[in-house]
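Visitor: Single-letter residue listing:
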Amino acid sequence: MKMINLTINNIPVSVPEGTTILQAAKQIGIDIPSLCYLKDINCIGACRVCVVEIVGRRGLTASCTYPVEEGMKVLTNTPAVRASRKTTLELILSTHNRKCLSCERSGKCELQKLAADYGLDEDRFAVEEELVPIDYSTPYVVRDNNKCINCQRCIAACSKMQSVGAIGNIRRGYDVHVGSPFEMGLGSTACVGCGQCIVACPVGALSEVSNVDKVWAAISDPAKKVVFFTAPSIAATLGECFDMPVGTNVEGKMVTAIKMLGDVEAFNMNVTADLTIVEEANELINRVKSDKPLPMFTSCCPGWIKFCEHNYPELLPNLSTCKSPQQMFGALLKSYYCEKNGIDPKDLFVVSVIPCTAKKFEVERGEFHADVDVALTTRELAKMIKGASINFNELPDSEFGDPFAIATGAGAIFGATGGVMEAALRTANNLLGGNNEALVFTDVRGTTGIKEATYTINGTEVAVCVASGLANARKVIEMIKSGEKNYLFIEIMACPGGCINGGGQPYQFDAVRNFVDLKALRASVLYKSDDANGLRKSHESPVIKALYDEYFGAPGAEKAHHLLHTKYTARKKYN
Amino acid sequence: MKMTIERLNEIKAQYEPIVKARNLVGEYAEEMAQHSQYRKQILVCGGTGCTSSGCGKVVEALEAELKANNCDDVIVVKTGCFGYCALGPIVIVYPEGAFYSQATPEGAARIVKEHIVGGNVCKDLLFPETVQENGEVLPLGKIRFYKKQMRIALRNCGVISPFKIEEYIATDGYRALHKVLTSMSQDDVISTMLASGLRGRGGAGFPTGRKWAFAKASVGDVKYVCCNADEGDPGAFMDRSILEGDPHAIIEAMAIAAYTIGAKQGYVYVRAEYPIAVERLRIAINQAREMGLLGKNIFGTDFSFDLDIRLGAGAFVCGEETALMASIEGKRGEPRPRPPFPAVKGLFGVPTVLNNVETYANVAQIILKGADWFSSIGTEDTKGTKVFALGGKINNVGLVEVPMGTTLREIIEDIGGGIPNGKTFKAAQTGGPSGGCIPAEFIDTPIDFASLSKIGSMMGSGGLIVMDEDTCMVDIAKFYLEFTCEESCGKCSPCRIGTKRLLQLLEKLTDGKGEMEDLEKIEELSKHMQSSCLCALGQTASNPVVSTIKFFRDEYLAHIVDKTCPAHKCKKLTRYLIDPDKCVGCTLCARNCPVKAIKGEVKKPHVIDQDKCIKCGVCLGNCKKFKAIYTE
Amino acid sequence: MSNGNSIEFMGTPAQEAELKKVIAKYKEQPGGLMPALQEAQGIYGYLPYEVQKMLAEGLDVSMSEVYGVATFYAQFSLVPKGKYIISVCLGTACYVKGADRVLTAIEEKLGIKSGECTPDRKFSIEACRCVGACGLAPVMTVNGEVYGKVTPEQAVKVIESYMAKED
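Chains as they are written, first to last, in the working numbering: chain A, 528 to 1102; chain B, 614 to 1245; chain C, 88 to 254.
Chain A with its partners taken away, still in its complex shape (with noise of 0.2 Å):
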């Protein structure tokens, strides 16, 4: 690779040819300020921000988009770029919404630390200005357009990342803002409710719904039993909210935390991802030998199965009847547990702890018939645990509650992508009576966005394919549909990296984002609690067996079916 020699700021730098002045200053400590730079998706040059001098060239330059060029000498820190960044910075403060202190991105905002850094005047360019209506037409979004500073990135996400396009901008000039189209909410958009634009928002202009108030009703109500369940990757990402470094496993510490903010159980979801694997192994095998569409698509994320209803009705057929782990979880709280335990359901509230928007919206699916009362994102679930005064990072470790404690590795590795297809082989390697020790398929593994394999099990061609992000997702169908690939088994999920990089997942600045890969050591979580259990294969988990030996017989059995299994609704893209 070409290396490029400059210097910034007087100090020699040498990067290899392309890389961007913003990228060539990190390695010397220089963290350049921005607001708009999204790494590889969002490299418009839009805020201005980051703006350096370049000894020769006139003007300032935009260092999220310029490359770096032999012997350039750059200037980061100059008046001139001081003071350019300082009014740049206040003309967008002045067409900010500046409700700081009840705001929900307070002490977690872009714009509020810069504000801090570059000690701006926010009223020196200020203007009254009418306030223009939230959209709140999802159940788990809220786009609030008077704190947006038109930095682009959730469109990024939205269009890019995630070839959704439900937001776009609109008109032009001072006039310009994120919007659907006919400014008809989002709600009456084909958004899947994945929360990228939320995590990708560095201010306070997108955030999820909260449900946070409802479960502290149930929690002071003396006639509900509360019951809590987290997702795999709660565990691995929780404690960013604390301030602890990112690819901290904190899973001792959020049980008890949980059972501290009152009293309410806490359960292990790995329980019903090890379920899922069991019945969607069974179901694919089914499909095989009774000769029904193939290929099969993974059902567990609620974003891919709303992406699917819109995108590509015709696909609905190819959707693992599988419900999610969490409405697999609802359900089996509000039947088994409710009899087991002799509650009425109407009495039981379940809290569902998930890294996702998008599975706010599915518990409100009719099918489901509200199983899970509510859904909280991790970000809610650090708000709850930081608003009953409990001091998280001192914790002593708890245990999950029984009967839905134990769960295999297979379970924990669904929170990254390749995971659930991982979880899978390794069931349906047995049920194919294939070799008994085969356990880890690192091809499947890793943060690619679309990764393929083929493996040979006891003669049958396995051949499988796992997309991240619906972008990817996309290009996979496409190249199904032209006939260019064909599997017998595809994982999806619609957040690039799978579900420990969820919408609901904690915020973190773009220069963390830019520069850390966040979904690698989030997911290193899952992968070491997975090589330290002792079980590795969701049908060896003795909860598991208990449930079918108790309650449902069989994979796939009569109860099984009717509990564990969905439909799906195909939905227009516009209406």
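Simulated from the structure, these hints should not be mistaken for lab results. Small disclaimer: the values here were computed from a predicted structure and weren't measured. Hints should not be assumed to be uniformly reliable.
DSBU-like cross-link-like pairs, simulated, lysine-lysine; straight-line CA separation at most 35 Å [unchecked claim]: (1) K244(C) with K1182(B); (2) K244(C) with K691(B); (3) K670(B) with K252(C); (4) K112(C) with K1100(A); (5) K1099(A) with K112(C); (6) K244(C) with K1185(B); (7) K944(B) with K635(A); (8) K108(C) with K1099(A); (9) K613(A) with K1126(B); (10) K1228(B) with K108(C); (11) K170(C) with K670(B); (12) K1036(B) with K1121(B); (13) K114(C) with K1099(A).
Assemble chains B and C onto chain A, guided by the hints.
Guide: For chains B and C alone, kept in the frame of chain A given last:
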């Protein structure tokens, strides 16, 4: 059909006498006319200006009258813009070059009867300046408006029919393309362009040869050439006039550029607001295709090239090259950061050359007459000529082409005929919303890129708006900011928010609410936008503000400190007053005042209640007889 | 939420057939969205929800993109235009010669602002940039018919003459 040089020569031989008989200054016209099949040719300007003034009806009247008089040896030719728009509709009769201004259908009938049939020029219908004291009639090329002009880009405008490719060929059209394809390498063309010193006429003045060289050097199987005809400056119309008057010149130049960089496809991006230009370009492209001058294997070489038109949809920012390309790609016209430059990664992500219409209009001439010829015209800094759209407070509104280095004074006083109504020249604005003003003290500045930027203005695309003492410079700055604010794409924050805040601050000034602190903010924001915006629109949006503050700071101070508008333009700062010595108490003003702000007894001086007055000016208009109402 | 357009869509099957032809023409063309929008507006006079939806589905682009482009360019209109489209040039030459007052007079006469349409759909007003008739400044046009060197009073008279016209 395949085009060959022989066929080109044939067409030229056939049409040259006809076209040459239309000589602006009258030279050789009579002689050439003898070789022409037409005894007389009546040229009618069919540019947008004259079309608006009703040239269509004049053409109908001329044709009807010719038919009625069996004048088979006389033709009516609808041409592109003559440039003298203030006098439209314009009719010129060749070979004598008699110049009829503000023609009417009735006048047209007289022209045919008296001049064409009777042989007597209708002197009362001629543009007065062309009639000498001794009764002699001057051809229009000899009048003051044309005398100092030098027409390269506009050479065929108003001379040939834009509907006839043969007439273009008669003026050596497509000969440059033949020369390039048969005798010049790509590098030869580039070195010719470089040696000529031609710089882009769209505003920035980048050397055309260098642009082509970059695009040629970029590796790629697919490349594009584009023409920027999205003339956005609200006061410039030279690109439109060229397309309307000489569309083949652009087609030929684009083919030459395409050959030079290795492109096979071109796009002309034209404003949809220019229907006549689009129509003529469309006709011209079809004719060129039919003659084999566009399409496969042009002149029997292995060079193939075709051209499509894409219509703009009303966005000034699409004059910026990357925004223009985004627009051709069917997207929002938002500029993107450079690098990568279009020469490397342009339209649809491949190497692309984009030139402005006027730039292209020079290309074929440079190829035919040589780089030395072109570089001998103009100044050290800027070679060739520049077309200006002369407008505002000037007698001869229209389109003029002058050698670079011509002074502003020559343009305004000699060509433009000075300021109307005995007013005095205050400033000229060049470069439109991206430019600045040139105050009276710099009226002798020779016009080229360097001189204009030295005094804080810019060449721009060629709008030249003249202002007199009644023009308020704060108001003009505000006008341009209103424009750029509305036209900002909204992508980058300094432009999206900066233009708006700047406009709001200027509004404060013109509303009489300005404070000194606001002027400081205006200057700071202006500077900020120049250094920090993403594209040229934003970087130059504050130029009109900066240059008016630089030269007319006292006017800004008058608005802020004295709360007055010296030019009486800013309504909210104007006070309507009644001179008690002149007022006879006729009550006309009081009766017509829409807000009943005027009080007074009959036959006694009236008074305007300043608190009630909405400054509509109705009273002023009513008091013509006594002139008792004045403003301050 | 509704589709944001309160004016009823009155497209005909003939218009839809024409639009389908336009879509077929531009479907495979790179950058076809702009000309398709232009032609669609030519067919319907404006670009309502129903038309943009057909374009989005037909050209296989997201409606956000279609709407984003449609609202970016001044030429595109989301509301129908009046039977008589009054356009006042606010280019520099016209502005210097008082075109702003002409526009205000027309707005007051019709009781609508620039960019709006009278409730009876008879008139709509728009401000435009330079129609290229700077020699005739200030200029207004009614359905393309040019009125040059107009005063505010003359402009009102022109409007009145169109008001007097029967449908």
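Visitor: Taking the hints in turn, state whether each one holds.
Guide: To see whether the hints hold, each was checked on the structure:
1. Of the pairs offered as hints, the one joining K244(C) and K1182(B) holds, with about 25 Å between alpha carbons and a cut-off of 35 Å not exceeded.
2. Distance check on the hinted pair: K244(C) and K691(B) sit about 33 Å apart at the alpha-carbon level, within 35 Å; holds.
3. For the suggested pair K670(B) and K252(C), the alpha carbons sit about 23 Å apart, so the restraint of at most 35 Å is met.
4. Of the pairs offered as hints, the one joining K112(C) and K1100(A) holds, with about 23 Å between alpha carbons and a cut-off of 35 Å not exceeded.
5. A C-alpha spacing of about 25 Å is found between K1099(A) and K112(C), which places the hinted pair at or below 35 Å, so the restraint holds.
6. For the proposed pair K244(C) and K1185(B), the alpha carbon gap of about 27 Å is at most 35 Å, so the pair holds.
7. Taken as a hint, the K944(B) and K635(A) pair is honoured in the structure, with Cα atoms around 34 Å apart against an allowance of 35 Å.
8. At most 35 Å may separate the alpha-carbon atoms for a hinted pair to count; K108(C) and K1099(A) meet this at roughly 23 Å.
9. Pair hint K613(A) plus K1126(B) holds up; C-alpha atoms about 26 Å apart against a cutoff of 35 Å.
10. The straight-line distance between the Cα atoms of K1228(B) and K108(C) is roughly 54 Å, outside the 35 Å bound, and the hint therefore fails.
11. Proposed proximity of K170(C) and K670(B) is supported: the alpha carbons are some 25 Å apart, at most 35 Å.
12. With a C-alpha separation of about 29 Å, the suggested pairing of K1036(B) with K1121(B) holds against the 35 Å cut-off.
13. For the given pair, K114(C) sits about 21 Å from K1099(A) by alpha-carbon distance, which is consistent with the 35 Å threshold.
Going down the numbered hints, you'll see the structure goes against just number 10.
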